[in-house]
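Protein chains: 2
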Amino acid sequence: MRVLVLGGDGFCGWPSALHLSRQGHEVVIVDNLSRRNIDNELEVQSLTPIQPLSTRLQVWRELTGKTIGFERLDVVTEYDRLLQTLQAWRPGAVVHFAEQRAAPYSMKSSWHKRYTVNNNLNATNNILSAIVESGLDIHLVHLGTMGVYGYSSVGVELPEGYLRVKMIAADGAEVEQEILYPPNPGSIYHLTKTQDQLFFAFYNKNDDVRITDLHQGIVWGTQTRETCLDERLINRFDYDGDYGTVLNRFLMQAAIDYPLTVHGSGGQTRAFIHIQDTVRCIELAIVNAPAPGDRVKILNQMTETHRLIDLANLVADLTGAEVEHVPNPRREADANDLSVTNAGLLGLGLRPTTLREGLLREVTEVAKRYASRCDRKRIPCVSAWTQRNRSGGAAVAKVGGAGR
Amino acid sequence: MRVLVLGGDGFCGWPSALHLSRQGHEVVIVDNLSRRNIDNELEVQSLTPIQPLSTRLQVWRELTGKTIGFERLDVVTEYDRLLQTLQAWRPGAVVHFAEQRAAPYSMKSSWHKRYTVNNNLNATNNILSAIVESGLDIHLVHLGTMGVYGYSSVGVELPEGYLRVKMIAADGAEVEQEILYPPNPGSIYHLTKTQDQLFFAFYNKNDDVRITDLHQGIVWGTQTRETCLDERLINRFDYDGDYGTVLNRFLMQAAIDYPLTVHGSGGQTRAFIHIQDTVRCIELAIVNAPAPGDRVKILNQMTETHRLIDLANLVADLTGAEVEHVPNPRREADANDLSVTNAGLLGLGLRPTTLREGLLREVTEVAKRYASRCDRKRIPCVSAWTQRNRSGGAAVAKVGGAGR
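Keeping their order, the protein sequence lines are chains L and X.
For the first sequence, the working numbering puts the final residue at 404, and the numbers step up evenly by one.
For the second sequence, the working numbering puts the final residue at 808, and the numbers step up evenly by one.
Note that these hints are calculated values from the structure, not bench results.
Check each hint, because a few of them may be wrong.
Examples of chain L residues lying across from chain X (beta carbon under 7 Å, computed) [as the list claims (entries may be wrong)]: (1) Val-59; (2) Arg-61; (3) Leu-63; (4) Asn-125; (5) Ser-129; (6) Leu-163; (7) Ala-169; (8) Gly-172; (9) Thr-194; (10) Gln-195; (11) Asn-206.
Subject to a maximum C-alpha distance of 27 Å in a straight line, what follows is the list of computed DSS-like cross-link-like pairs (lysine-lysine) [to be verified]: (12) Lys-205(L) <-> Lys-166(L); (13) Lys-570(X) <-> Lys-166(L); (14) Lys-205(L) <-> Lys-609(X); (15) Lys-609(X) <-> Lys-570(X); (16) Lys-609(X) <-> Lys-108(L); (17) Lys-470(X) <-> Lys-166(L); (18) Lys-377(L) <-> Lys-108(L).
None of the values given here were measured: they were computed from a predicted structure.
Every residue, glycine too, gets a C-beta built ideally from N, C-alpha and C.
Here chain L stands alone, though its shape is the one from the complex:
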C-alpha cells in the first residue's frame, strides 16, 4: 500500500517509515523538520548521532534497494501543498505523527502552550479537511496517547476508547449508551489529543472518513530491527527534561552514573511500550483498516503498566544507580492505579517486547555507548505546570546543576 508518514523524521515516525518500507509498503515521508528545529531552540541534541534525513534515505536505498520519498512541507501553514501531495500520491493510508508531542515542552511558557495548540489542532484539522477535499478514500492512522484517559483512579479498566455507561436522568431513570471515555488530560499536549478525538468523531460521522486512533503509552527504547541495520539509520534518543520520556531518562542517568530522578513519590502508574512494538502496531493498524461506515477505531497501544518508582528501582538494580526523589513539577496525583486493556492489538498479532528482556541492552548499547554526547545540565525538567509549582521546578534544576 502507498503510505504517507506525516512527521516521518521524528522519534516514532522515522522507525515507522523504515518498518513500513521493509514490509513492502511504498512510503513517502512528509515532515517540516520541526523536531530538529526544537533541538536548536532547546540547545540540546539527540544522544544518538542522527543523520540528516537525506543521508538516512540514501543509506536505506543502498542497503535495501527501497526508495522512501520525502516532501518537506508544513501541514499547518501549507495546506494547499498538503492537498496537492495527497492528490499526487493518492495514498491508501496516512499516518499522522505531525504533532508536538512533549508534555513538559507544552507547559514551558505561554508561547509553548500556544505553539502546541496551534500546531497540533490545525495539523489534525488540515489533514482531515484535505482528505475530504481530495475526495479520496484514505485511511487516517493517528498517534494518540493513553493520557487522554487521565490517570485518576476511577475503578474501571480503561477500555479501548469507548465506554458503556448508564446516563442517569433527572428523574432517576437510566439510559444505557456507549460514549467516548471521558477525557482528563494532564497537560496542554495531552489536551490537544483529547480535542483531536473530537475532530475524528466529527469527520467520521459527517464525511465517513476511515480513522484509527492509537492511544499510545510512554515509549521506551531507541532502536528497531531496521534502525539497527546501519549506524547512519540510528533513531533519536531524547534525554533532556522536555523530550526525554521517563524510562529513557532513567536509562541515560544510569549510564552516566547520575541519580535516577523520580518526580514526587513515584507512585504514579503509567503504561509503556517499546519502540519496536510501536512500529509493529502502526503496520497492524494500516493493514487492519476500519471498513467504510465504521466508527473511529480506537486501540490502546501499550504493553505493560508500571509504577515509576518500581521502574527506577528496576533500573537501579540492573545498574547500581541511586534513586533520588525530586519535587514534581506537574500538577498530578502523587499515586494512582492503572488497569488497561490492549486486547485489540494483541488480537491483531502484536507480540510484546518486555522490559525485562530489553532494558539492559538499551543501557549498554545506546546510553553507555553515546554517554560522552550527554550534556548533564539538560537532564532536569524545568517546566513547571503552574506558578505554584515553579519553586518545585527550580529545586529540580538545582539537583541537575549538581550532576556528578
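Go by the hints and put chain X onto chain L.
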C-alpha cells in the same frame, strides 16, 4: 465591575456591551471587526442599518453619559496586545464572544472549516493563556452553544453541562461519576465549542481559572431596551443563508412575502432565546461568578424549545406566509425530541421573553420596516454539509432564485 467584551461589535456582543454599561459596569470592547469583514466576503449586509462602531459609541456617550472603551485587536494573531490589554485594564470579567459563530459558514468550504477551527480554538486558548500569564484573577464568561450536546434523542433531559453516569466496567461492575455531557456536534462550528469545553476544564483544573460557560440556544429577535434608544444604536439582523438563524429567517421571509423555507421535514426540535434575555443572562453570569476553586460553571442559556415546523406554522399563522419544505443541506436527524433544563439562570432571576409576545413585533418593527434593504438571492442556505448533500444545496439555491 470592569468588563472586557471580546467580540463586542457583533450580534450578541454589541447589545451585551450596552446592557452591561447601562447596569453600571465599566465596559471595554475588544473586536477585530471580523463580522463586518465577513459581510463583505459574503456580499451581504445586516438588514438593519448598523452604524460604524465609533458612531455607535459616540451616540451611547451622548445619550447616557457613559463611555465604552474600544480596542481594535485580533485575539488570535495579536497575543501580546491581548495580554497588554488585560494588564492595562485589569478587568474583573472577560466576556468571550470572539468566535466565528455560524454553522453554515463553517461548512461552506475547506477554507471556511479551517478558518473557523483556527480562529475559534486559538482565540479561546490565547485568552485563557493570557489570563494565566497576567496573574490576575479574571472571571471568563464564554458563549457556548446548546449544540455541544447534539440533537439525537437519548431519553434524558439535557442537564447543565454535567451528567451523572454509571461507568460499566468490563466485569459488569458499575462506578458512578459525574462527567461532562458527551458531546455530539453537528458542524465544524459546533465542534469548536465542544473543544472549547476541554480548554475550560483543563485551565480550570490546572490554573484555577474561574469560568462560566453559557450553552446558548438559537437567538431570535433583534433589539434590546438599549439598542432601541436610538436608531444609530440598532443591532444587526442577519437574514442570509449563512448567518441568519432559523427564526429570524422566517420573520424576514414573512415580511417580504417569501415562502418560509423549512429544511427537511421540520421535525428538528431546537432551543431558543430572545436577544433581550441573552444580554440579561450575560450580566447574571458576571455578577454570579464561580468562587475560587469551583469547577467550570455551565448554564443552559435558553428559554423555550420548539420544532422548526411548528415555528414556521406559527409565523405563517401570524402573517399569512406560506411554508415550503426544501432539501436539508445538513447531515442531521430529520426529527428529534429535546428536553432541557434551564434552572440555573431562572434561579438567578431570568424572566423569559416569550415567543408569543415578541414575534409579531419583530416582523413589523424590524423585518417589514427594513424590507427594502433585503437582497432576496442571499436568503437560501447554499452551504452543504457533505458532498452527498451538495445536490440538496443546489435545490435550495434554485428555490431562492425563484424568490417572489
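Straight-line Cα separation of Lys-609(X) and Lys-108(L) no greater than 27 Å?
-> The hint holds at about 17 Å.
Against chain X, is Gln-195(L) within 7 Å by beta-carbon distance?
-> 4 Å, holds
Taking 27 Å as the top limit, are the C-alpha atoms of Lys-205(L) and Lys-609(X) close enough?
-> Between Lys-205(L) and Lys-609(X) the Cα gap is close to 30 Å, so the pair fails against 27 Å, i.e. violated.
With a cut-off of 7 Å on the beta carbons, see whether Gly-172(L) makes it to chain X.
-> 10 Å, violated
CA of Lys-205(L) to CA of Lys-166(L), is that 27 Å or under?
-> Holds, at about 23 Å.
Minimum Cβ distance from Asn-125(L) to chain X below 7 Å?
-> 5 Å, holds
Should the hint that Leu-63(L) touches chain X count as held when the rule is a Cβ pair under 7 Å?
-> Where the cut-off is 7 Å and the nearest Cβ of chain X is about 40 Å from Leu-63(L), the hint is violated.
Does the alpha-carbon distance linking Lys-470(X) and Lys-166(L) stay inside the 27 Å limit?
-> 52 Å, violated
Keeping to a limit of 27 Å between CA atoms, is the pair of Lys-377(L) and Lys-108(L) held or broken?
-> 17 Å, holds
Agreement of hint Leu-163(L) with chain X interface, Cβ distance less than 7 Å = 6 Å, holds
Taken at face value, is the distance from the CA of Lys-166(L) to the CA of Lys-570(X) at most 27 Å?
-> 5 Å, holds
Decide if the proposed pair is consistent with the structure: Lys-609(X) and Lys-570(X), CA atoms, cutoff 27 Å inclusive.
-> Cα-Cα ~23 Å, so holds.
Of the numbered hints listed earlier, those contradicted by the structure are 1, 2, 3, 8, 14, 17.
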